[in-house]
Structure formats: structure tokens, C-alpha cells
Amino acid sequence: MLSLDNVSVNYGAIEALTGISLHVDKGEVVTLIGANGAGKTTTLRTITGLLQPRDGKISFEGEDIGGRPTHRLVAKGISMAPEGRGVFANLSVRENLQMGAYLKKDKRAIASEMERVFQMFPRLKERESQKAGTLSGGEQQMLAIGRALMSQPRLLLLDEPSLGLAPLVVHTIFEAIDEIKSKGTTILLVEQNAHAALKHSDRAYVLETGRIVMEGSSKQLAVDPRIKEAYLGE
Amino acid sequence: MDTFVQQLINGLTIGAIYALIALGYTMVYGILRLINFAHGDIYMVGAFVGYFLSFQLGFAAGPSLVGLSVVLVGSMIAAALVGMAIERFAYRPIRKYARMTTLITAIGVSLLIENLFVAKLGAAPRAFPQLLREQSYTLFGNAAISKSQILIFAVSVLLTLLLQWVIFKTKVGTAMRAVSFNLNSAKLMGINTDFIISFTFALGSALAAAAGVLTAQYNPQIDPLMGIITGLKAFVAAVLGGIGNIPGAVLGGLLIGIAETFVVGYGQNVGVPTTFRDAVAFAILILVLLFRPTGLLGSTVQEKV
Ligand SMILES: Nc1ncnc2c1ncn2[C@@H]1O[C@H](COP(=O)(O)OP(=O)(O)O)[C@@H](O)[C@H]1O
Ligand SMILES: [Mg+2]
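Chains A and B are the protein sequences, given in the same order. At position 143 of the first sequence (counting the first as 1) the number is 143 in the numbering used here, and the numbers step up by one without a gap. Just so we're on the same page, the numbering used here is the position in the second sequence counted from 1, plus 234.
The hints are simulated quantities; they were obtained by calculation from the structure and are not laboratory data. Treat the hints with caution; some may be incorrect.
[As the list claims (entries may be wrong)] Derived pair list, reagent style DSBU-like, types lysine-lysine, alpha-carbon separation capped at 30 Å:
(1) A:K57 / A:K26
(2) B:K405 / A:K131
(3) A:K104 / B:K403
(4) B:K354 / A:K105
(5) B:K330 / A:K57
(6) A:K105 / A:K26
(7) A:K219 / A:K57
(8) B:K403 / A:K125
(9) A:K104 / A:K131
(10) A:K104 / A:K125
(11) B:K354 / A:K183
(12) A:K199 / A:K228
(13) A:K107 / A:K76
(14) A:K219 / A:K131
(15) A:K76 / B:K405
(16) A:K104 / B:K405
(17) B:K403 / A:K105
(18) B:K403 / A:K131
(19) A:K107 / B:K403
(20) A:K76 / A:K228
(21) A:K131 / A:K181
(22) B:K354 / A:K76
(23) A:K219 / A:K183
(24) A:K125 / A:K199
(25) B:K403 / A:K76
(26) A:K181 / A:K228
(27) A:K125 / A:K107
(28) A:K183 / A:K199
(29) A:K107 / B:K405
(30) A:K107 / A:K26
(31) B:K405 / A:K125
[Stated by the list, open to error] Just some of the chain A residues that point at chain B, by a computed CB distance under 7 Å:
(32) T70
(33) E95
(34) L168
Where a beta carbon is used, it is the ideal one built from N, C-alpha and C, also for glycine.
Take these sequences, add in the hints, and give me the full structure.
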């Protein structure tokens with residue numbers, strides 16, 4: 001479904017990604033783990049067209065998508081809940097969700113998609129007309145994910161959805177990820193919380209200073225001694 | 235000397251004009267963090283488009299409501315196109331550069347428009363044709379309101395309400411608010427942010443053009459440099475209200491208009507000469523920047539990260 005082939009990305013003269021290759025197949029949950037500053041966010045921003053690769057090829061459903069503007073990629077079925085949530089604090093919860101469905105024309109379909117989001121996160125329903133800026137961190141993350149689902153994406157990118165959240169909320173978020181997967185949406189999940197990420201994914205890539213250093217099934221990586229030492233703190 | 239009520243009416247009239255122009259400054263700032271110095275010139279362009287439309291379409295011959303409406307709407311459309319062109323060709327290519335670059339570009343665009351008009355049309359003022367049959371009505375026995383003043387109030391209230399509706403009730407308006415809060419998040423929603431920015435320039439420019447045509451009905455002298463001082467005062471109005479804040483722009487515009495009229499009307503009583511008329515706005519700007527940089531209605535916490 002998605003593949004990156006030898007992709008390199010720079011911030012000015014600084015190279016943030018060095019020839020990374022990865023792929024995500026339909027229906028999978030793939031996780032990208034790595035320490036802070038490894039280049040995880042850069043990878044997702046490049047896939048969504050917010051950053052342009054210096055080199056390499058990115059394709060989505062067989063089509064070269066390098067250089068496409070972000071809004072066109074959303075139209076193609078890629079959606080992202082960005083790092084730091086990026087909710088519109090000045091808009092209500094409902095308006096945030098409506099923006100998620102910006103490209104959808106069918107009002108009925110939008111309403112039923114919003115119902116599904118509210119079923120997944122009842123807290124959002126309670127706060128429907130509140131400004132997103134008044135939500136707690138966990139609620140904002142739910143909103144960021146719900147908003148990303150409003151476009152009914154085929155590929156959902158999640159950038160550290162558990163960052164800074166209380167354990168109970170982290171649990172809610174990962175349950176939601178399982179639920180989204182069970183409905184057939186393909187997910188690329190970026191996490192520092194390697195433990196939970198490996199538990200809730202099919203395959204994993206490990207990123208270190210802009211390079212992919214390991215890949216495999218999540219089950220295998222979870223018991224790999226190197227991963228255990230470096231990322232699981234065991 | 236005019237009565238207090240009369241001063242208030244006159245002040246609100248000019249204030250409504252400042253408010254219409256201030257809305258454009260504040261919308262563009264809200265979305266791009268850019269002070270569009272060419273915005274005052276759009277107000278001038280609007281007045282001139284109205285002037286030429288009046289003659290070309292034969293409305294200059296005599297007052298008519300149809301003529302007035304056509305000229306008003308026509309100049310708003312033309313100015314919207316000019317505003318979009320400025321954004322597309324001057325600001326968009328340099329959007330990613332430092333703010334100083336865009337600021338200097340904005341000043342350059344302003345000078346370009348002014349000098350282009352002076353070169354083509356000459357600097358001498360022209361008399362804008364009267365499209366409204368002027369008439370005065372007595373208020374409270376000791377004050378008067380003219381038809382052109384009523385027109386200015388009515389049109390500016392209507393346009394402000396319309397703008398409020400667009401921004402807060404429509405999808406494109408919600409997208410404008412989204413873009414102004416977080417550009418990248420907005421892109422991730424599938425919003426074509428270039429279109430939204432262009433649309434914002436179109437709205438702001440149309441309002442400035444309306445202000446140009448309306449002013450010309452009240453004070454029918456137009457010239458290619460008329461946008462400089464008025465534009466600066468409207469900018470101050472936007473800062474006073476809290477730049478980026480829509481109701482703030484309206485409030486700021488009205489306050490500047492009233493302050494200016496009162497200086498002319500009552501200033502002498504407290505030793506302020508009437509020649510300080512144009513200085514009032516800038517004195518207010520300095521006070522705002524010193525004591526309340528976020529403006530009257532601007533949020534005290536910085537929303538942007
Ligand atoms: N806007 C930027 N300008 C310059 N360098 C950046 C920028 N964003 C990230 N970087 C650098 O790129 C590297 C990768 O960052 P990032 O992709 O955010 O890592 P991660 O998401 O894995 O924590 C880091 O060294 C970071 O300092
Ligand atoms: Mg990151």
C-alpha cells in the first residue's frame with residue numbers, strides 16, 4: 001500500500017533521514033520505533049507531503065506520490081494525527097471533526113462518521129461544543145485521532161499518540177487503535193512507547209539517527225535481546 | 235460648535251470606514267502573520283475602480299440606487315481580484331522566508347501601486363460622482379445625519395455581519411480559522427491552504443474597496459495617495475482592537491474614528507490643536523504598544539506555538 005524506497009530528507013544542511021526504505025501492506029499495523037530525535041516525525045511528515053524528500057521514492061497504492069501537496073494526499077486516502085495533536089484549539093470539538101471531513105461532500109456520511117467517532121470516544125461527544133483548547137491532553141489526542149478518521153482514510157498515520165498521557169488514557173488510545181485496525185484501516189504507528197507499540201502492531205521498524213537498523217515481526221522484535229535492552233528497558 | 239451627538243455621528247462615520255479596512259488587515263494578519271501594507275492602497279484602488287465604473291456605465295450622470303449598488307459591488311469584485319493577484323505574485327513566492335522579507339515586500343507593493351497610479355492618472359484629486367441624492371435629517375433637534383452617513387452605517391453593518399457569518403458559520407470560514415491557528419494541521423485536513431489564503435485576501439480587499447466607494451460618497455475627493463494615511467489609521471485600529479481579532483477590528487475602527495473627531499471638536503478646549511487630527515491614531519498606537527500590546531480584545535495568551 002505504502003512504500004518508501006531509499007528516502008533521504010534534510011533540514012537545510014542537516015540530514016535527518018538517510019536512505020530509509022519501508023513498506024506498509026494493506027490491513028497491517030506497522031510501527032516505527034526509535035529514540036527521541038531518531039527521525040520518526042520527519043518520516044511521517046515526508047509521507048504526508050509536509051516535507052519534501054531530497055532523494056528517494058515514495059509510493060502509495062502503486063502511484064509515485066513524491067512532491068504532491070498534502071491536501072491531495074488526503075484526498076487519496078492518507079490521514080495523520082500529528083505529533084503534539086495539532087488540534088485547532090480555537091475551534092469547537094465538532095468543528096475540528098468537521099474539518100477532518102473537509103473533502104467529504106455527503107452530509108449524511110459525515111454525520112454517521114462523526115457518530116462512529118463519538119462511539120469510539122464518548123468523551124468527545126460530551127464535549128462536542130467546547131473549544132478544543134479546553135480539553136485535557138488525552139481528550140485532545142482522542143480528538144486528533146477522531147479528526148483523522150473523519151476523512152475515512154485508507155492509511156492512518158499516528159505520531160506518538162500516547163506521549164505524555166496517563167496510563168489509563170494510553171490504554172484507551174491503544175484500544176482505539178485495535179478497533180480502527182479491526183475495521184480494516186491500515187495504520188503506521190510511530191511511538192517511543194515501544195512496549196505498547198510492539199504489542200499492538202504486526203510488524204515493526206527500528207529507526208536510529210535517520211537509518212532503519214532493524215525490522216521484523218513485532219512478536220519477534222519484542223523478544224529480541226537488543227530491542228529489550230535499548231527500547232524496553234529490560 | 236457641533237453638539238456632542240453630532241461629533242459622535244461624524245466620528246462613527248469615519249470609524250465605520252476604518253473598521254471596514256481594519257478587517258482586512260486583521261484577517262490577513264490572522265492567517266499569515268503578515269502586515270499587508272498594500273491594504274490601504276486597495277482601498278484607494280476600490281475608490282478609483284468605482285470612479286471609472288461610474289463614468290463607463292453612465293451612472294455618473296445622476297444619483298441612482300442601482301448605479302450605487304452596481305458601482306459598489308463592481309469595485310468590490312475588482313479589488314478582490316487585485317488583492318488575490320498581490321497575494322499570488324508578491325507574497326506567496328516569499329512566504330517561507332523571514333518576516334522581515336515579507337514586510338519589506340509589502341511596503342514595496344504599496345509603493346508600486348501608489349506610484350503606478352500617480353504615473354497613469356496623475357496625483358491631482360478627482361471628484362467622485364455623486365451616486366446618492368444627498369439629504370440631511372435632523373436628529374434629536376440639534377444634530378444632523380446625512381444620507382451618505384446612513385449609507386456608510388448600513389453597508390458597513392451589513393458587510394460586517396456577512397463577514398461574521400462567513401467566518402463563523404460556513405465551511406470555508408471554519409477552514410480560515412483552522413488555517414490561522416495551525417497551517418500544517420489544516421493541510422492535513424485536506425484543506426487547500428493556498429486557496430484559503432487567497433480567499434482571505436479577496437474578502438479583505440472587497441471590504442476595503444467598499445470603504446473606498448463609501449468614503450467617496452461622503453467626501454468625494456479621491457487621489458492615488460488617499461490610502462496611505464487612512465490605511466495606517468485602519469492598521470492602528472486593527473492593533474488597538476487586537477490584531478487577528480475580527481470584532482476587535484470593528485471596535486478599534488470605531489474608537490479611532492471617534493477619537494479623531496473629538497480631537498477636532500474638543501481638542502482646543504484642552505490645548506490640543508485640530509491639526510493633531512492625524513496624530514491621534516499614532517498616539518493611540520504608541521499607548522497600545524506600551525500598555526496593552528495584545529489590543530483591547532486580543533487574547534492575552536499567545537495562541538500560536
Ligand atoms: N524543523 C527542523 N529543523 C531542523 N532540524 C530538525 C527540525 N525538525 C527536526 N529536526 C531534527 O531532525 C532530527 C529528527 O527529528 P524528528 O523527526 O522530530 O525525530 P523524532 O520524531 O524521532 O523524535 C532531529 O535531530 C531533530 O533535531
Ligand atoms: Mg517525533
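Against the structure, the hints come out as follows:
Distance check on the hinted pair: K57 (chain A) and K26 (chain A) sit about 19 Å apart at the alpha-carbon level, within 30 Å; holds. Proposed proximity of K405 (chain B) and K131 (chain A) is supported: the alpha carbons are some 17 Å apart, at most 30 Å. For the given pair, K104 (chain A) sits about 17 Å from K403 (chain B) by alpha-carbon distance, which is consistent with the 30 Å threshold. Between the alpha carbons of K354 (chain B) and K105 (chain A) the distance comes to roughly 47 Å, so the proposed pair goes past 30 Å and is violated.
For the suggested pair K330 (chain B) and K57 (chain A), the alpha carbons sit about 25 Å apart, so the restraint of at most 30 Å is met. With a C-alpha separation of about 26 Å, the suggested pairing of K105 (chain A) with K26 (chain A) holds against the 30 Å cut-off. With a CA separation close to 29 Å, the supplied pair K219 (chain A) and K57 (chain A) stays within the 30 Å bound. Between K403 (chain B) and K125 (chain A) the CA atoms are separated by roughly 20 Å; this keeps the pair inside 30 Å, and the hint holds.
Taking the CA atoms of K104 (chain A) and K131 (chain A), the gap is about 23 Å. The hint holds against a cut of 30 Å. Distance check on the hinted pair: K104 (chain A) and K125 (chain A) sit about 21 Å apart at the alpha-carbon level, within 30 Å; holds. Distance restraint check for K354 (chain B) and K183 (chain A): the Cα-Cα separation of roughly 65 Å exceeds the 30 Å cut-off, and the hinted pair is therefore not satisfied. For the hint linking K199 (chain A) to K228 (chain A), the alpha-carbon distance of about 13 Å falls within 30 Å, and the restraint holds.
About 20 Å separates the Cα atoms of K107 (chain A) and K76 (chain A), which keeps this hinted pair within 30 Å; it holds. Only pairs whose Cα atoms come within 30 Å are accepted, and K219 (chain A) paired with K131 (chain A) is rejected, the gap being roughly 41 Å. A hinted pair counts as satisfied when its Cα atoms are at most 30 Å apart, and K76 (chain A) with K405 (chain B) qualifies at roughly 21 Å. Restraint check: the Cα-Cα separation between K104 (chain A) and K405 (chain B) comes to about 11 Å, which is no more than 30 Å; the hinted pair holds.
A distance of roughly 17 Å separates the Cα atoms of K403 (chain B) and K105 (chain A); the hinted pair therefore holds under the 30 Å criterion. At roughly 15 Å between alpha-carbon atoms, K403 (chain B) and K131 (chain A) fall within 30 Å of each other, so this suggested pair holds. For the hint pairing K107 (chain A) with K403 (chain B), the CA-to-CA distance comes to about 15 Å; that is within 30 Å, so the pair holds. Annotation: proposed proximity of K76 (chain A) to K228 (chain A) is violated, straight-line Cα distance about 37 Å (limit 30 Å).
Restraint check: the Cα-Cα separation between K131 (chain A) and K181 (chain A) comes to about 29 Å, which is no more than 30 Å; the hinted pair holds. Between K354 (chain B) and K76 (chain A) the alpha-carbon distance is near 49 Å, which puts this suggested pair outside the 30 Å criterion. A hinted pair counts as satisfied when its Cα atoms are at most 30 Å apart, and K219 (chain A) with K183 (chain A) qualifies at roughly 22 Å. Proposed proximity of K125 (chain A) and K199 (chain A) is supported: the alpha carbons are some 29 Å apart, at most 30 Å.
Distance hint between K403 (chain B) and K76 (chain A) is fulfilled; the C-alpha atoms sit about 28 Å from each other, no more than 30 Å. At roughly 26 Å between alpha-carbon atoms, K181 (chain A) and K228 (chain A) fall within 30 Å of each other, so this suggested pair holds. With a C-alpha separation of about 18 Å, the suggested pairing of K125 (chain A) with K107 (chain A) holds against the 30 Å cut-off. The straight-line distance between the Cα atoms of K183 (chain A) and K199 (chain A) is roughly 18 Å, inside the 30 Å bound, and the hint therefore holds.
For a cut-off of 30 Å, the pair hint linking K107 (chain A) to K405 (chain B) stands: about 12 Å separates their Cα positions. Of the supplied pair hints, the one linking K107 (chain A) and K26 (chain A) holds, its CA atoms being roughly 28 Å apart against a limit of 30 Å. Distance hint between K405 (chain B) and K125 (chain A) is fulfilled; the C-alpha atoms sit about 21 Å from each other, no more than 30 Å. For T70 (chain A), the interface hint holds, since its Cβ comes within 7 Å of a Cβ in chain B; the closest pair sits about 4 Å apart.
About 5 Å separates the beta-carbon of E95 (chain A) from the nearest beta-carbon of chain B, less than 7 Å, and the hint is met. At a threshold of 7 Å, the smallest CB-CB gap from L168 (chain A) to chain B is about 26 Å, leaving the interface hint violated.
Comparing the model with each numbered hint stated earlier shows that hints 4, 11, 14, 20, 22, 34 do not hold.
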